[in-house]
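Let the hints inform the model, and build the full structure from the sequences given.
If you read the protein sequences in the order shown, they are chains Z and E.
Position 159 (the first sequence) corresponds to 159 in the numbering used here; numbering is contiguous.
To convert, take the position in the second sequence, counting from 1, and add 1000; that gives the numbering used here.
No incorrect hints appear here.
Derived list of chain E stretches under chain Z, where covered just means 3 residues or more per stretch with a C-beta under 8 Å from a C-beta of chain Z:
no.: 1; region: 1027–1039
no.: 2; region: 1145–1158
Covered by chain E, per the in silico footprint, the following chain Z stretches (three or more residues, Cβ under 8 Å):
no.: 3; region: 83–94
no.: 4; region: 166–177
no.: 5; region: 305–311
Simulated from the structure, these hints should not be mistaken for lab results.
Cβ coordinates follow ideal geometry from the N, Cα and C atoms, glycine included.
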Amino acid sequence: MQGSGRPSTYDILRAHGVDRRTFLKFCTQSAAALGLSAAMIPKVVEAMEKKPRIPVLWLHGLECTCCSESFIRSSHPIAQDIILNMISLDYDDTLQAAAGEQCEEIRKKVMKDYPGEYLLAVEGNAPTNDGGVYCTVGGRTFLDILQESAAGAKAIVAWGSCASNGCVQAAKPNPTGAKPVYKLITNKPIINVPGCPPIAEVMTGVLTYILTFGALPELDRQGRPKMFYAQRIHDKCYRRAFFDAGQFVETWDDDGAKKGWCLYKMGCRGPTTYNSCSTFKWNCGVSFPIGSGHGCIGCSEENFWDNGPFYQRLQNITAPGIEATPDEIGKTLVGLSAVGVGAHLVSTLARKGVRNLQGKGPETEPVVAPPDEKQS
Amino acid sequence: MMKRVVVDPVTRIEGHLRVEAMLDDKGVINDAMSSGTMWRGLEVILKGRDPRDAWAFTERICGVCTTVHALASVRAVENAVGITIPKNAEIIRNIMYLAQTVQDHVIHFYHLHALDWVDVVSALKANPAATAALAQKVSPSWPKSSPGYFADIQGTLKKFVESGQLGIFQNAYWGHPAYKLPAEANLMAVAHYLEALQWQKEIVKIHTVFGGKNPHPNYLVGGMASAISMQGDNAINMERLDYVRGLIQDAQVIVEQLYLPDLLAIASFYPEWTQIGGGLGNYMVYGDVPQNGIGDPSKFRIPRGVILNKNVAEVLPLDHADPAQIQESISHSWYTYPDGKDALHPWDGVTEPKYTGPKPPYEQLNETGAYSWVKSPRWKGHAMEVGPLARVLVGFASGRTEYKDVATEALGQLKLPITAMFSTLGRTAARGLETRLSVKWLLDEYDRLVANIKSGDTTTADTSKWDTSTWPADCKGYGAEEAPRGALCHWIHIKDKKIFNYQAVVPSTWNASPRDAQGQRGAYEAALIGTHMVDPKRPVEILRTIHSFDPCLACATHVISPDGSKLAEVVVR
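See the structure below:
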């Protein structure tokens, strides 16, 4: 993103009357939002001082716009800072002032002026059945526009479960043949940011990481940023102690529900869902699904719509190696207690106190067996 | 010679909408087509699934009006299997519903609609001191109105423009003669665009408290999953309730001191738009915010009813279960019905996609054939407008004092008669008026919740029919609601504890509908007729009227499939 001669983020902030002290505070907050140590703050400052705003094309395919809505809920940084000071959001049909021809002209101009430099953000996915007629923009199929826009992109950010793994319109029988971005574009770096929607600060954190370091974040084998998707919700859930103690909500609004006990028996997908909900929480840390009494539905996991019904409890999760996460993140957790779930629950509870991690687990993720009512 | 103006994509909406307008030689629109250009097939996907899961699927119909489809869905299932939810659950749902309405309307006004009336670039020429004087006159109580504040905002805007990277504001219609605000009003509006953007993330925290997240909070068939325990720290308790109360009070400040004053100030510069964009003149409201259970519409805060031909002297009753009242026509939509039928009641709905439009890429659609993924719902054969204007008119015509008071006060300030409401500006104003009511009701509902808890009732869910083995083998239900964009209803048919058939007929299906078999245009189409366009290449006038409806196209395009039916082959010509 060098050589454009355009002002850096700091130049713009300074010209806005923002003093250096405020600017440094802004950098510190951005660093904190990324979970960076204080030692990294100078690097953030340097990045903000030098880099002009990166052009972003934000396309919308088959989706519900929940990702855009989540994005503007970000508390640090706030949406205004991102849109005015950090990126140049040149195309986003949800927010942009221009319409029709004028808006398509912008997309083409960015592709022409910034080849290999712009970031392509994709919300939603492309229907592939029947020539792609289930989603058209300006008389062209979304599939066509996606492929055209991807060709000159520096990288692609696949917002949400639609773009990352298909989400609701790709649930069986997937009548439109909706496909996530990675199945359609294979020659570009893609960052998958799953969730329906993803947490606001996860979305903005992915962008600020790219802006700060001039590089994509480290990704796991599913293309998700390790910094946000390396651990299961269950591992960090504040109700985990109740799980370990065998204290469960048995029916809605029962005594256990009023006491905030574990929702595992109500179908909670926390044990098989990799996301930051139980650490960051939602909407500036106010709560998260489990914190408000409903189980996790696993909205950041591939095929989560077809792994239901949602209120049927998880079963037969392979206990050995359960702490292993994608790319063996789990090995860093040696020393923490491990538990089994489902069919293993009773036995593990019986062995409470002697459940130590087996160390490095297999690389594969835990497999959830097809739900079977009879076993529950 | 006739000229065809195509706007695709229509931006600052949810989903994908295309508008084609035909102009006569004087530049006046004499015909228009509204085409939904996306289809996801959610009802096909729902078939065979557990009805208790349906709320989560249907909630994903839309993330802008998040929660509304979840609420309609749980109501439909509860109606089908005969569940009466506890009072606390009803009130919590009302609070979440009203919070959504308030948030949605404020976002619509500032972030989706304002740029049709506000010239951002003109704000650069404003005098900050004069802007401060204007802002203090428009809203004396709003604290951020000093000359320094507006000078800062203007500085931000100036440097942004000078950076050469105009982002979301580039290549728009700045300087178009249709923009009438003085520079100071433009600067004030730009400042409040940013204020509203900051605030909208706050009110949704009400959803986070009760539903765990926003967008897409959790719902539950039978009540709400957020248990109440006033003696515990791990459920809805005093701290959580106090938090919600604070968020409501902040919302009242935004609505009363920012949104309403801005709305009336901007409207006062565009009186001609009270004569443009009226359209159908038929208005339909399902009603909402129950006070005595969903089965007692007479106690809804938002009354139910229909107005035909702008006749506010009469409010007609409606019935969702009557197969003769609500039907969906497909004569101009890319679907097919068996046996050559054209219109079906949602419970009997049978639809298969059948694309007969031009092969993409295409230049234009054909109004004589099918041209949209949106169907054409009709009430007793009439095309209807739904949404805030319909609600304000039905509330007014039903003699509800609250509606009469807000409408009379606003019209008095603008020195306009009630007939001014039948217009593009009337639609936009009605949204603000009902936000004022909604934010007041939000506190009323909060007080009801606290009073009910004080009376000793902490129940939030009826689990007597949670187990599907208690359900009848075959049952049908519907869940009606007033979503921010208008009348919404889900119809469900449950067989052997599974979804046999599901259909959502949503607000934007009514408003964005194409023509029906009788040639009656949908609400968007009708509202565009008669509008003069100054410059057909820069479609500001079309955007004003279309945005006044607050389109939501992911909602509008849907389909159901009967048992065993196969999706049709798509014919691409």
